[in-house]
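Novice: All chains should be modelled from the sequences, with the hints used to inform the complete structure.
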Amino acid sequence: MIDKTCVVRDIADQIESGMTIGIGGWGARRKPMAFIRELIQRDVKDLTVLSYGGPDVGMLAATGKISRLVFGFVSMDLVPLEGHFRQARQSGTLEVVELDEGMFQLGLKAAAARLPFLPTRVGFGSDVLTTNPDIKTISSPYADGEELVAMPALKPDVAVCHVNEADVLGNSRISGPDPFFDEWFCRAADVAYLTCEEIVPTDAFNDPLIALQMPIERNLVSGVAQVPCGAHPTSCGPDYGMDVPHLQKYNSVAKEGWHTYLEEHVTGKDLSAYVESVGGERAIRALPLPVF
Amino acid sequence: MSYSLAELCICASAEAFRGDGEYMVTSIGLVPRLAASLARSTFEPGLMMTEGEAYLVSEPVPVGPRGDYRPKIEGLMTYERVFDIVNKGKRHAMVTPVQIDRFGQMNISIVGDYDKPKTALLGVRGYPGNTINNSNSMFVPSHDTRTFVSGEVDMVGGIGYNPARWPGGRKPPFLDLRRIVSNLAVMDFGGSDHGIRVISLHPGVTLAQVRENTGFELQCVDSPGTTRPPTEEQLAVIARLDPHDLRATIFKGNPSGEPGQA
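These protein sequence lines are chains A and B, in that order.
The opening position of the first sequence corresponds to residue 1 in the numbering used here, with each subsequent residue numbered one higher.
The opening position of the second sequence corresponds to residue 1001 in the numbering used here, with each subsequent residue numbered one higher.
In case anyone wonders, no lab produced these hints; they're calculated from the structure.
On a predicted model such as this, the values are computed, not experimentally measured, just so you know.
For every residue, glycine included, the Cβ atom is placed at its ideal position computed from N, Cα and C.
Misleading hints may appear alongside valid ones.
With a cut-off of at most 30 angstroms between alpha-carbon atoms, the simulated DSSO-like pairs for lysine-lysine come out as follows [said to hold, decoys possible]:
(1) K1072(B) - K1171(B)
(2) K249(A) - K1116(B)
(3) K136(A) - K1088(B)
(4) K155(A) - K1116(B)
(5) K1118(B) - K136(A)
(6) K1116(B) - K255(A)
(7) K155(A) - K249(A)
(8) K109(A) - K1088(B)
(9) K1171(B) - K136(A)
(10) K45(A) - K109(A)
(11) K136(A) - K269(A)
(12) K1116(B) - K45(A)
(13) K255(A) - K269(A)
(14) K136(A) - K109(A)
(15) K136(A) - K1116(B)
(16) K109(A) - K4(A)
(17) K155(A) - K1088(B)
(18) K1116(B) - K1090(B)
(19) K1171(B) - K249(A)
(20) K249(A) - K269(A)
(21) K45(A) - K1171(B)
(22) K1252(B) - K249(A)
(23) K255(A) - K1072(B)
(24) K109(A) - K269(A)
(25) K136(A) - K1072(B)
(26) K155(A) - K4(A)
(27) K269(A) - K45(A)
(28) K1252(B) - K255(A)
(29) K1090(B) - K1072(B)
(30) K136(A) - K155(A)
(31) K1090(B) - K109(A)
(32) K109(A) - K1118(B)
Derived, one-sided and incomplete: chain A residues facing chain B with beta-carbon distance under 10 angstroms [claimed, not checked]:
(33) F73
(34) S75
(35) F180
(36) G268
(37) A273
Specialist: Have a look at this one:
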């Protein structure tokens, strides 16, 4: 009997300095934040981070974990500008690979298909190509002969995503409205881990409509950790919305007060201590779903 | 009948979508969203639009807190599907970039030097893909030389009519910049070499004033007219789409759209 259950610490144990990690979710939505808080307390550095970025990128940047950021944006949606990312970017210390959002996905798809690249028109005309001279172009081998961008594979060593439900086998369900690109992070990566709101019996997935909400194959998944409220302060619809006041507080300490924030919410705190520090599970579950 | 500058801009921006038929609209920000919703509610009923997150809706969702209102879903539009549509076409995005240059190139990434920017903003987001594949329009709330820059924008995210940047010097086949609505005027890309040109001036605004606030040489149609004021029907539709009057916050002091009015 396969049993992939683990805890967040086990996932963080897999991360070594110099690795490339892919982080699921989008902006301030369904980010594996419990994993991020664990990771920023570890003695790892020089990470290459691939993310449709939100506070995951901000926290890793603020703690000096990132040497290279591969991104299309960093934003917290209803709090549009991510202060910690901005600080790091403006300091000139963060090496960045700035990509169009769709190119980013194409890079994951190339890695997932075990290909060196996938072609696209996207990038031409923009500074994405001038600032990333490593991205090459090719000519169509067919009669059209069109010049195309050869978007290189983006291959994480490890991908980590947060989902609503999973079972011990690694089957998982994203019951929010948008699965984002989690499946592509998992397929692109050598190894993928999931954190989830709840571990459920496999029978809970025995429903054709629920099966439509299960984009990640279980054979991609090496470990599953149950972490209720594990996406906070980002949203995990339909279970809870984003904690906008907390995101604002987190953003406000980008210039001053970050150390106090860490003491209050991160350093040495296990999951229950963290949840208590931000108002408790009931308060988190009552956070309204965002209206865009 | 009185109307605000915001309402004038919403109506002028809605015109960007005229003729789009069953295009999918992506409208970022309050004015673009109300503009697309107005177009959909009046002269372009075929437009496809979302509730802002993941579902296509069969009627535009009013902006702001929704109370008991539930979006009327007509289909699914996850981000992955958005990317597929970006590549397929039949999509029109209206956005508010931080910088625009004479080629229509747009920037929301940084201000200053790429390696050590003075100000880091969002990143290129989907601009490169949107602009090489889809129709694009812009709303600019503050028409000035910081937005309409004299050189190229600091980081080209949205591509424009700049042959020096095109592969082989040939125009990308689907590049289609449509319309810019600012607080001063309405512009399109119908000038020589797709140059930006003024097509109408908002009431009380002079061409000299627009040019003075633009960092590059602005073309102009022969005798530009005055931007058409909203009709009563349009104002009623806008009021329904914006029940909390969020549009009153677009411009400081919510100025009137008519010259000489308070």
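Novice: Determine for every hint whether it applies to the structure shown.
Specialist: Here is how each hint holds up against the structure:
Between K1072(B) and K1171(B) the alpha-carbon distance is near 40 angstroms, which puts this suggested pair outside the 30 angstroms criterion. About 26 angstroms separates the Cα atoms of K249(A) and K1116(B), which keeps this hinted pair within 30 angstroms; it holds. Of the pairs offered as hints, the one joining K136(A) and K1088(B) holds, with about 23 angstroms between alpha carbons and a cut-off of 30 angstroms not exceeded. At roughly 27 angstroms between alpha-carbon atoms, K155(A) and K1116(B) fall within 30 angstroms of each other, so this suggested pair holds.
For the proposed pair K1118(B) and K136(A), the alpha carbon gap of about 29 angstroms is at most 30 angstroms, so the pair holds. Our distance criterion of 30 angstroms between C-alpha atoms is met by K1116(B) and K255(A), whose separation comes to about 17 angstroms. Of the supplied pair hints, the one linking K155(A) and K249(A) is violated, its CA atoms being roughly 34 angstroms apart against a limit of 30 angstroms. Between K109(A) and K1088(B) the alpha-carbon distance is near 18 angstroms, which keeps this suggested pair within the 30 angstroms criterion.
Restraint check for K1171(B) and K136(A): the C-alpha separation of about 19 angstroms stays at or below 30 angstroms, so the hint holds. Our distance criterion of 30 angstroms between C-alpha atoms is met by K45(A) and K109(A), whose separation comes to about 27 angstroms. Taking the CA atoms of K136(A) and K269(A), the gap is about 45 angstroms. The hint is violated against a cut of 30 angstroms. With a C-alpha separation of about 21 angstroms, the suggested pairing of K1116(B) with K45(A) holds against the 30 angstroms cut-off.
Among the hinted pairs, K255(A) with K269(A) is consistent with the structure: their alpha-carbon atoms are about 23 angstroms apart, no more than 30 angstroms. Restraint check for K136(A) and K109(A): the C-alpha separation of about 17 angstroms stays at or below 30 angstroms, so the hint holds. For the hint pairing K136(A) with K1116(B), the CA-to-CA distance comes to about 25 angstroms; that is within 30 angstroms, so the pair holds. Distance restraint check for K109(A) and K4(A): the Cα-Cα separation of roughly 25 angstroms lies within the 30 angstroms cut-off, and the hinted pair is therefore satisfied.
For the suggested pair K155(A) and K1088(B), the alpha carbons sit about 26 angstroms apart, so the restraint of at most 30 angstroms is met. Restraint check for K1116(B) and K1090(B): not satisfied, since their Cα atoms lie roughly 37 angstroms apart, outside the 30 angstroms limit. Between K1171(B) and K249(A) the alpha-carbon distance is near 46 angstroms, which puts this suggested pair outside the 30 angstroms criterion. Distance hint between K249(A) and K269(A) is fulfilled; the C-alpha atoms sit about 18 angstroms from each other, no more than 30 angstroms.
Straight-line distance between C-alpha atoms of K45(A) and K1171(B) comes to about 44 angstroms, which puts the hinted pair past the 30 angstroms bound. Distance check on the hinted pair: K1252(B) and K249(A) sit about 26 angstroms apart at the alpha-carbon level, within 30 angstroms; holds. Between K255(A) and K1072(B) the alpha-carbon distance is near 42 angstroms, which puts this suggested pair outside the 30 angstroms criterion. Of the pairs offered as hints, the one joining K109(A) and K269(A) is violated, with about 36 angstroms between alpha carbons and a cut-off of 30 angstroms exceeded.
For a cut-off of 30 angstroms, the pair hint linking K136(A) to K1072(B) is broken: about 44 angstroms separates their Cα positions. Between K155(A) and K4(A) the CA atoms are separated by roughly 23 angstroms; this keeps the pair inside 30 angstroms, and the hint holds. Taking the CA atoms of K269(A) and K45(A), the gap is near 21 angstroms; set against the 30 angstroms cutoff, the hint holds. About 28 angstroms separates the Cα atoms of K1252(B) and K255(A), which keeps this hinted pair within 30 angstroms; it holds.
With a CA separation close to 22 angstroms, the supplied pair K1090(B) and K1072(B) stays within the 30 angstroms bound. With a C-alpha separation of about 17 angstroms, the suggested pairing of K136(A) with K155(A) holds against the 30 angstroms cut-off. A threshold of 30 angstroms between alpha carbons decides the hint, and for K1090(B) with K109(A) the separation of about 24 angstroms falls inside it, so the pair holds. Under the criterion of a C-alpha separation no larger than 30 angstroms, the hint pairing K109(A) with K1118(B) is inconsistent with the structure, at around 34 angstroms.
With 10 angstroms as the threshold, the beta carbon of F73(A) comes within range of chain B, its nearest partner Cβ sitting at about 4 angstroms, so the hint holds. A cut of 10 angstroms between beta carbons decides the hint on S75(A): the least distance to chain B is about 5 angstroms, and the hint holds. Restraint check, F180(A) versus chain B: the minimum CB separation of about 6 angstroms is within 10 angstroms; hint holds. Here the hint on G268(A) is broken, as its CB sits about 31 angstroms from the closest CB of chain B, past 10 angstroms.
Interface restraint check: A273(A) against chain B, minimum CB-CB distance 32 angstroms, threshold 10 angstroms, status violated.
This entry does not satisfy hints 1, 7, 11, 18, 19, 21, 23, 24, 25, 32, 36, 37, going by the numbered hints stated previously.
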